[in-house]
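A.B. asks: Sequence:
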Amino acid sequence: MRSVEANSPAADAGLHAGDVVVKVNSISVVNGSDWTKTIHENRGKAVPVVVLRDKKEQTLTITPDGKKRSSVEPGVELEEFFGSDEQAERTREVLAQLQPLFDSMAADARRRMEAARYSPELAQMMARLEVFAADPLLRENLETARKQVDAAAEAAKRAADNAGRLRMN
Numbered sequence: 000m001r002s003v004e005a006n007s008p009a010a011d012a013g014l015h016a017g018d019v020v021v022k023v024n025s026i027s028v029v030n031g032s033d034w035t036k037t038i039h040e041n042r043g044k045a046v047p048v049v050v051l052r053d054k055k056e057q058t059l060t061i062t063p064d065g066k067k068r069s070s071v072e073p074g075v076e077l078e079e080f081f082g083s084d085e086q087a088e089r090t091r092e093v094l095a096q097l098q099p100l101f102d103s104m105a106a107d108a109r110r111r112m113e114a115a116r117y118s119p120e121l122a123q124m125m126a127r128l129e130v131f132a133a134d135p136l137l138r139e140n141l142e143t144a145r146k147q148v149d150a151a152a153e154a155a156k157r158a159a160d161n162a163g164r165l166r167m168n
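The opening residue of the sequence shown carries number 0 in numbering that gives the first Met the number 0; numbering runs sequentially from there.
Bear in mind the hints are in silico, worked out from the structure with no lab data behind them. Just to be clear, a hint being listed does not mean it is correct.
Pairs of lysine to aspartate or glutamate, EDC-like flavour, derived with a Cα cap of 20 Å [said to hold, decoys possible]:
id: 1; residue 1: K44; residue 2: D11
id: 2; residue 1: K22; residue 2: E56
id: 3; residue 1: K22; residue 2: D11
id: 4; residue 1: K36; residue 2: E4
id: 5; residue 1: K22; residue 2: D53
Fair warning: this is a prediction, and the values are worked out from it, not measured in the lab.
Construct the entire structure; sequences and hints are all you get.
C.D. replies: Below is the structure:
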């Protein structure tokens with residue numbers, strides 16, 4: 000946030016200029032309107048506010064009053080999050096270099112999830128197949144069938160060999 004009004008509920012709760020509000024009353028805050036809406040919906044009630052301050056999360060408690068004011072001016076620029084020192088500038092440069100990789104990874108994850116189309120029905124079917132495949136009787140029957148196929152193939156080979164010998168004679 001860019002500023003905190005003196006003698007306001009936000010100031011009383013301990014919010015400072017530069018804090019990044021992450022959640023209000025367990026609701027993620029993405030922009031200033033999320034903050035304003037949630038604060039106004041909770042007027043007169045004590046609500047937890049999770050802020051990022053000095054790269055650490057802190058939970059504060061604010062009790063919004065009935066006045067039509069937010070008591071803070073939300074910051075929406077990157078400067079509010081990263082600051083403006085030399086380390087912050089290096090962080091921005093690294094993030095800019097990593098952005099294509101992040102985008103690619105996100106797109107790949109979306110493609111894989113769409114391809115899988117995992118559903119409760121598929122999970123149920125897979126569980127049934129696992130139980131079926133683990134059945135000892137099934138394994139025994141498959142082994143018996145394999146032996147019968149091998150024996151039939153051997154018998155057919157012998158019959159073909161004998162038929163070939165008979166033709167030669």
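A.B. asks: For each hint, tell me whether it holds in the structure or not.
C.D. replies: Hints versus structure:
1. Distance hint between K44 and D11 is fulfilled; the C-alpha atoms sit about 14 Å from each other, no more than 20 Å.
2. Only pairs whose Cα atoms come within 20 Å are accepted, and K22 paired with E56 is accepted, the gap being roughly 10 Å.
3. Our distance criterion of 20 Å between C-alpha atoms is met by K22 and D11, whose separation comes to about 18 Å.
4. With a C-alpha separation of about 18 Å, the suggested pair K36 and E4 falls inside the 20 Å cut-off, and the hint holds.
5. Under the criterion of a C-alpha separation no larger than 20 Å, the hint pairing K22 with D53 is consistent with the structure, at around 16 Å.
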